[in-house]
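**Student:** Respectively, the protein sequence lines represent chains A and B.
According to our numbering, the first sequence is numbered sequentially starting from 5.
According to our numbering, the second sequence is numbered sequentially starting from 370.
Hint data in this document are derived by calculation from the structure and do not stem from the laboratory.
We put the beta carbon where it would ideally sit given N, CA and C, even for glycine.
There could be a bad hint or two in this list.
As the list claims (entries may be wrong) - A few chain A residues facing chain B, derived, Cβ under 10 Å:
(1) L34
(2) C64
(3) R66
(4) D68
(5) H73
(6) W87
(7) Y91
(8) G92
(9) W95
(10) R98
(11) F99
(12) R101
(13) L102
(14) M109
(15) P111
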Amino acid sequence: MPAAASSVFKALADPTRRAIFERLTREGELTVHVLTHDAGVSQPAVSKHLTVLKRARLVCDRRDGRETHYRAEPRALEPLVDWMSFYGVFWRDRFSRLEDVLERMEP
Amino acid sequence: MSETRSVVVEREFAYPPEKVWRALTEGDLIAQWLMENDFQPVVGRRFEFRSTPMPQWNGVIGCEVLVMEPHQRLAYSWGALGLESVVAWTLTPTAGGTLVRMEHSGFGADQDAAFKGATYGWQKFIGGLESVLAALPERRER
Numbered sequence: 005m006p007a008a009a010s011s012v013f014k015a016l017a018d019p020t021r022r023a024i025f026e027r028l029t030r031e032g033e034l035t036v037h038v039l040t041h042d043a044g045v046s047q048p049a050v051s052k053h054l055t056v057l058k059r060a061r062l063v064c065d066r067r068d069g070r071e072t073h074y075r076a077e078p079r080a081l082e083p084l085v086d087w088m089s090f091y092g093v094f095w096r097d098r099f100s101r102l103e104d105v106l107e108r109m110e111p
Numbered sequence: 370m371s372e373t374r375s376v377v378v379e380r381e382f383a384y385p386p387e388k389v390w391r392a393l394t395e396g397d398l399i400a401q402w403l404m405e406n407d408f409q410p411v412v413g414r415r416f417e418f419r420s421t422p423m424p425q426w427n428g429v430i431g432c433e434v435l436v437m438e439p440h441q442r443l444a445y446s447w448g449a450l451g452l453e454s455v456v457a458w459t460l461t462p463t464a465g466g467t468l469v470r471m472e473h474s475g476f477g478a479d480q481d482a483a484f485k486g487a488t489y490g491w492q493k494f495i496g497g498l499e500s501v502l503a504a505l506p507e508r509r510e511r
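Bound-form chain A, shown alone:
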């Protein structure tokens, strides 16, 4: 599970990929052409981003003749909202803050 969580984090850390994913979540199935038209980047770039999203299982594709249709797989976000992943990060952050508080406290 940690490996899956980190690939999802990495895939969504890029703003362009995040925008593509969010759009697919909102609008359902779209082709690379449609996605490229509004993304402000070239079609090869969009295809590259889709490959990364696909590896993280955030999108899946369906070929239809010459066109490939992509749709979001929100279930792939599960590793992110798993409580253990969340609290693993949460408590490490709080330990650092605790250290700051100890440093500031009177002896």
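Following the hints, position chain B against chain A.
**Tutor:** Here is chain B on its own, set in the frame of chain A:
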């Protein structure tokens, strides 16, 4: 009993257990590193941690003090969004200060809890993704 898992974080601080204990058990100090709270150091006492409310979640974590052994052990229950868990602190004096061990236990394979987390977690996780990502390689859990 269904099988549960824990998140464990351990760190040595260059301060004596008495000082670390104060930071773990005095409400205004807790608020500075963890969350706003109405903690009272009394076993059986119920209290709340309050974080920023979000859509579909008021940000309240319901707790009860379970163990209170001054300068050594502290534990409280931790309930939020369907997660029923326990946070236990153990302080061990070392040559250089105090070894602080935090074990947050009670994570089941319960998908219901995970999905409740999902409803509030989405915005937070995506919004704070860069900082979460930065913290990830350091993560240690079991």
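**Student:** The structure should be examined with respect to each hint, and the outcome stated for every one.
**Tutor:** So, going through the hints one by one against the coordinates:
| no. | hint | in the structure |
| --- | --- | --- |
| 1 | L34 | violated (20 Å) |
| 2 | C64 | violated (19 Å) |
| 3 | R66 | violated (25 Å) |
| 4 | D68 | violated (30 Å) |
| 5 | H73 | violated (24 Å) |
| 6 | W87 | holds (5 Å) |
| 7 | Y91 | holds (5 Å) |
| 8 | G92 | holds (4 Å) |
| 9 | W95 | holds (5 Å) |
| 10 | R98 | holds (6 Å) |
| 11 | F99 | holds (5 Å) |
| 12 | R101 | holds (4 Å) |
| 13 | L102 | holds (4 Å) |
| 14 | M109 | holds (6 Å) |
| 15 | P111 | holds (7 Å) |
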